[in-house]
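Undergrad: Next come the chains, spelled out residue by residue.
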Amino acid sequence: MVMDLHVSLPRGLTLANPVIAASGTFGFGPEYSRYVDIGSLGAVSVKGVSPEPWLGNPPPRVWETPMGLLNSIGLQNPGMEVFVRDDLPFLREKGATVIVNIIGHTVDEYARVASRMQGEAGVAALEVNISCPNIKEGGMSFGHDPEQAYQVTRAVRQATDLPVMVKLSPNVTSPALIAQAVEQAGADMISAINTVVGLAIDVEHRRPALGGTTGGLSGPAIKPIALRVVYDVAQSVSIPIIGMGGIASAADVLEFLLAGASAVMVGTVTFQHPGRMQQIIAELPQVLSRGGFRGVSGAVGQALPAASRPQTRGGDL
Amino acid sequence: MVMDLHVSLPRGLTLANPVIAASGTFGFGPEYSRYVDIGSLGAVSVKGVSPEPWLGNPPPRVWETPMGLLNSIGLQNPGMEVFVRDDLPFLREKGATVIVNIIGHTVDEYARVASRMQGEAGVAALEVNISCPNIKEGGMSFGHDPEQAYQVTRAVRQATDLPVMVKLSPNVTSPALIAQAVEQAGADMISAINTVVGLAIDVEHRRPALGGTTGGLSGPAIKPIALRVVYDVAQSVSIPIIGMGGIASAADVLEFLLAGASAVMVGTVTFQHPGRMQQIIAELPQVLSRGGFRGVSGAVGQALPAASRPQTRGGDL
Amino acid sequence: MAGQQFHDGQVDARIVRREEVARDHVELILESPALARAVPGQFAHILTPGMLRRPVSFSRIEPDSGRVGLLFQVVGEGTAWLANCQEGERLDILGPLGHGFAPPDPSRPWCLVGGGVGIPPLYSAAAQWRESAPDVIIGARTREWVLMQKDFEQLGLGVRVTTDDGSWGQAGTVIGPLQEWLEGHADGQVFSCGPTPMLAAVASACRGRAAAQVALEQRMGCGIGACLACVVPARGQTQMEYRRVCTEGPVFLAEELIW
Amino acid sequence: MAGQQFHDGQVDARIVRREEVARDHVELILESPALARAVPGQFAHILTPGMLRRPVSFSRIEPDSGRVGLLFQVVGEGTAWLANCQEGERLDILGPLGHGFAPPDPSRPWCLVGGGVGIPPLYSAAAQWRESAPDVIIGARTREWVLMQKDFEQLGLGVRVTTDDGSWGQAGTVIGPLQEWLEGHADGQVFSCGPTPMLAAVASACRGRAAAQVALEQRMGCGIGACLACVVPARGQTQMEYRRVCTEGPVFLAEELIW
Ligand SMILES: Cc1cc2nc3c(=O)[nH]c(=O)nc-3n(C[C@H](O)[C@H](O)[C@H](O)COP(=O)(O)OP(=O)(O)OC[C@H]3O[C@@H](n4cnc5c(N)ncnc54)[C@H](O)[C@@H]3O)c2cc1C
Ligand SMILES: Cc1cc2nc3c(=O)[nH]c(=O)nc-3n(C[C@H](O)[C@H](O)[C@H](O)COP(=O)(O)OP(=O)(O)OC[C@H]3O[C@@H](n4cnc5c(N)ncnc54)[C@H](O)[C@@H]3O)c2cc1C
Ligand SMILES: Cc1cc2nc3c(=O)[nH]c(=O)nc-3n(C[C@H](O)[C@H](O)[C@H](O)COP(=O)(O)O)c2cc1C
Ligand SMILES: Cc1cc2nc3c(=O)[nH]c(=O)nc-3n(C[C@H](O)[C@H](O)[C@H](O)COP(=O)(O)O)c2cc1C
Ligand code: FES
Ligand code: FES
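In order, the protein sequence lines correspond to chains E, L, Y and F. First residue of the first sequence: 0, per numbering that gives the first Met the number 0; consecutive thereafter. First residue of the second sequence: 0, per numbering that gives the first Met the number 0; consecutive thereafter. First residue of the third sequence: 0, per numbering that gives the first Met the number 0; consecutive thereafter. First residue of the fourth sequence: 0, per numbering that gives the first Met the number 0; consecutive thereafter.
Please note that the accuracy of each hint is not assured.
Now the in silico label distances, taken between C-beta atoms and shown as ranges [said to hold, decoys possible]:
no., chain 1, residue 1, chain 2, residue 2, range
1, F, R22, L, H5, 50 to 60 Å
2, E, A281, Y, G171, 35 to 45 Å
3, Y, Q236, F, G49, 33 to 43 Å
Sample of chain L residues facing chain Y (criterion: CB under 7 Å; computed from the structure) [stated by the list, open to error]:
no., residue
4, G26
5, E30
6, Y31
7, P59
8, E63
9, I72
10, F89
11, G218
Take a look, some chain Y residues computed to stay more than 10 Å from chain L by CB distance [unchecked claim]:
no., residue
12, R17
13, V38
14, L93
15, S106
16, L154
17, V158
18, E240
19, E254
FYI, nobody ran anything at the bench for these hints, they're computed from the structure. Note that CB positions come from ideal geometry on N, CA and C, so glycine has one too.
Pulled out of the complex, with its shape left as it was, chain E reads as follows (with noise of 0.2 Å):
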């Protein structure tokens, strides 16, 4: 079957395909490389980088729920600078298409990650995390009000020249209003969802059961909760938006696309079956093609409402 699953997006940004790995389920690069061809997926979004190192939160980190996983890393992360030396060359090498996904504590700070990887050869975009539900500060705030969504997004608009994608929080009342925010600051593309802020109950100790008590919510338990906001911000916004939320299979990228995404992120089913994005990424023609589409951009959005389809959104088709 020839199908075009090639996704073309702003700043000449061009994916051989649509799954991308999601931020922070996929560490820096080398760790799944030994199971998955990381320069085969449409891109890796590596984890976190502030400009220092980060300490993360006390374990523990994970906690299962029904269909779901709560999280409290915290962000650790060994800061720009161990990036860029240990892991950087790494992805080049393997060819890797690399989203930078970075985060900071001040405006500045993110400002700072981001001028610091303008003209590092081998990173591609940037993903701006303003919606880690696990940090109290900084981080947490900037993505539940659009002033500071806005003011974080100029800021790193304004440091480099790469694709900028802004990564939404799913916990605010208006997903769409930060959404409007951030492209009115100048973001080239929207990522969503990050995370549903959780908690869990260790019963036998009574207290809650991570570390950093509440968590984030990710996995298929999230599905509708993403698919909702994405379907929500597509409307919202003309800029391209990299869905993601639960997804587990070639039919769960279709509902993303379907709903508006023009590319999608995927993360937690990873730790289950870290071989599955490249199954996804092979057997998505066969599922296109059953849904009547000839590539990826012809999906994009065409279970929006027909004024926001994507003809008048641009770009894709």
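Take the given structure of chain E and dock chains L, Y and F with the ligands to it, following the hints.
TA: Chains L, Y and F with the ligands only, in chain E's frame:
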């Protein structure tokens, strides 16, 4: 095992046990009475009741998701007069402790239902639904804005002496803020959570799966979200909380009690297992005693930070 | 949870026979005197691993032997799980549920019009009221999915068959033969079950010419009238209203619905 | 999804033996030359129906026969599912994973200290480096959970046993016998595995007296170093840092950790 299951709530509301049938999943009483002794439940919260009949949303109205259920019933109901005439006598006769879930398009409509129920024999309490995600006007916004939540609660409070609980939406940036607003407005209790807004795509027909486009997500998938809201709200107000969202077992009930709920509601699982609530009531003594508790009230809030544990919240112990 | 309790109306039914009646079509015969009290057109709401039970009509209802049949097509996870159940295993079923067919008036001509997995419940009606000897029109996409033709014939009934692809019987849909039947039979009674577009065509063909009872499908939650999930639009006294397929249906008079 | 693909480091291992070794304790013997290349202390990350795989250490590692053992206690849904697996069935495993025990220095005294399901991985170490003939101290809550005592004895090793309730061996924990052993053996090497509080006590007993390698447990996500879920606090060069049990561990030097 001698285990004290009863729950004392404000304004003299006493439940024989903490397991309440959740609104909208248990009809108006007669439907499930063939499968369950509705008088043996802690209470029954009936389907939302408005002053006049509501038609509801077009079908399909339910869709399965991983460990979850999306619904867009749209609060179809025959109106308060039909409820009082046709259903209330049956509930009274069966000895059910009846909570009337009330809805309206305007503050005044809520108040009308509240005053209509005032003095009706058999009505034990009101649950003010300001959080149904399936109504675009009215219902939705009341629960999304502290000021409007305050207004609705205040109007209901003034219309009745009955115990009043207000049902919170998880679809806001801060449920705790809404909780504080309704506490100030005179709510006696809070119930949480209503469903989480979600969407599914019917891939075959390339459109949203539900007739109402988006729907409310319930079932085990949302349990961690519900526990997080209960845990946060318990630290923000001093009135009792009725917790719900994905409860399917007595162990789940204990999680909610430890997170700060004084009682719980059980919804979606009843569709699978009509008798599950009775089974939970039967198993609760063993689960409590394994956890080292001598009754329901002793478990309430025991996973909260020390400063928020029930000694300081009053009433439960 | 261990030790599921059963209540009145909830049945623990043993599978006594399992047969693959066509590609992707399985019939399970269950032993359950309680279910065998069903009226044709009623359904079983079956526990599967999903979040909701699965509604399936009775293909056979045998009060004497205390057995019923469920004949279904494998279309998704729930029916795939059911199709994998083996003889000797047990199903947790709510039922019989819903409002079945009203008995035909034996003094008037009677016809059954079924499509695909809508055929089996019509067989249970034919068997129950066999003295009224209905004419039978059944259709399917293709030959192998023409269900229960032999069963109808063993009741001594004349069966007209259509297939979309012409691989068996007459090419086309059941609507052609139905039109002919309606022309030949005044004051007739039509019982129909099948995909909703087919039922809409049946309703339209019968309008003003014959009394049609149709058995509908709709996505269900509780299956017992509590959740208001399973509604279809119907003609209310003054305006459109929603009626529940699980309780007011699955069998409706064609004219009470809005198609 | 149909047709799971397997990659280097991902193994499709057949269960060739299943044994209930004690109440709620099962040992599975798997055929897998790839896994049988494991170092004692490494683990298998096993696909179960849950959202995450389940880490279990190797109880036996037999490169010659290409077999490994997994001995686990049933504590929740994942291990209950595993315990239900039958001979002939296959497991989807990532492994061998993690950093196992460094070989003992044969010129120095060596002791194994295990508690509960921490005993099996020590057996694999004892078998691998049997020429170094360790002393063995194992403990459990109660008699029937003293695992693999016979296996150690069949290696010709002396085994001291403790039980919390005194139902077998000496009453008390493994720490008493360990203290005695440390007094009697200068410059010793201790390998330990068991519940974290026990390991903390072992670490404290060994501090300044013997080199202790401890195998830790922590809740895991990926199992391969990518998600940073499985960390434990360790002494960094200037301050506390987190190390990954799945990658830097499960075996750590006791003194590198913060207890
Ligand atoms: C009253 C009634 C009687 C029925 N009788 C029969 C019968 O005799 N034989 C038969 O083959 N089928 C029958 N159906 C359809 C049958 O219920 C569905 O095919 C079945 O539920 C599909 O489940 P699944 O998990 O395999 O499919 P999935 O598509 O995975 O199911 C997903 C969800 O959608 C629901 N659903 C999917 N298709 C339908 C449908 N057509 N109608 C209602 N709900 C649906 C499922 O119950 C489930 O909740 C009947 C439906 C109704 C309402
Ligand atoms: C490196 C390593 C080696 C291990 N080796 C063994 C062994 O040889 N024998 C044995 O009996 N057990 C061993 N364990 C513990 C074993 O992993 C858990 O008992 C098992 O994961 C419990 O799964 P469950 O679904 O039955 O329990 P549940 O409590 O239902 O599991 C819920 C979640 O918590 C995790 N979890 C629960 N307990 C533990 C634990 N103690 N450590 C890590 N994660 C846990 C599960 O993996 C799962 O993700 C080991 C753990 C680790 C980290
Ligand atoms: C363990 C873990 C760590 C994560 N870390 C990050 C992160 O560093 N930056 C980020 O933007 N998202 C992070 N996420 C969120 C994921 O990228 C993704 O948005 C989310 O998990 C939903 O997708 P999924 O359901 O496919 O996992 C993390 C998720 C998990 C499970
Ligand atoms: C089909 C359906 C209908 C519902 N209708 C109402 C309603 O009328 N009023 C209301 O307050 N909540 C309604 N709810 C929400 C439930 O009461 C409950 O808050 C939610 O389902 C979470 O609990 P659960 O996961 O146990 O179902 C409805 C839920 C479902 C599934
Ligand atoms: S399925 Fe619940 S009312 Fe019909
Ligand atoms: S489990 Fe993912 S890093 Fe260890």
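Undergrad: Each of the hints needs a verdict: does it hold here or not?
TA: Status of the hints after comparison with the structure:
The hinted range of 50 to 60 Å is not satisfied by R22/F and H5/L, whose Cβ atoms lie roughly 37 Å apart. Here the CB-CB span from A281/E to G171/Y is close to 40 Å, well matched to the stated 35 to 45 Å. A hinted range of 33 to 43 Å for the beta carbons of Q236/Y and G49/F is inconsistent with their spacing of about 53 Å. Interface hint at G26/L: satisfied, since its Cβ lies 3 Å from the closest Cβ of chain Y, which is below the 7 Å cut-off.
At about 4 Å, the closest approach between the beta carbon of E30/L and any beta carbon in chain Y falls short of 7 Å, and the interface hint on this residue holds. With its C-beta approaching chain Y no nearer than about 6 Å, Y31/L sits inside the 7 Å limit, and its interface hint holds. This hint holds: P59/L has a C-beta 4 Å from the nearest C-beta of chain Y, less than the 7 Å allowed. Interface restraint check for E63/L: the shortest CB-CB distance to chain Y comes to about 5 Å, inside 7 Å, so the restraint holds.
Interface hint at I72/L: satisfied, since its Cβ lies 5 Å from the closest Cβ of chain Y, which is below the 7 Å cut-off. At a threshold of 7 Å, the smallest CB-CB gap from F89/L to chain Y is about 13 Å, leaving the interface hint violated. For G218/L, the shortest C-beta to C-beta distance to chain Y is roughly 6 Å, which falls under 7 Å, so the interface hint holds. With a minimum CB-CB distance of about 23 Å to chain L, R17/Y clears the 10 Å threshold, and the non-interface call stands.
Non-interface call for V38/Y relative to chain L: holds, since the shortest CB-CB distance, roughly 17 Å, exceeds 10 Å. Not every CB of chain L lies more than 10 Å from the CB of L93/Y, the least distance being 7 Å, so the non-interface label is violated. The non-interface label for S106/Y is consistent with chain L: the shortest C-beta to C-beta separation is roughly 36 Å, beyond 10 Å. For L154/Y, the non-interface assignment is confirmed: its Cβ lies about 34 Å from the closest Cβ of chain L, beyond the 10 Å cut-off.
Residue-level check passed: V158/Y sits 31 Å from the nearest beta carbon of chain L, beyond 10 Å. Distance check on E240/Y: its Cβ comes as close as 7 Å (rounded) to a Cβ of chain L, failing to clear the 10 Å threshold; non-interface status is violated. Distance check for E254/Y against chain L: the nearest CB is about 20 Å away, which clears 10 Å, and the non-interface claim stands.
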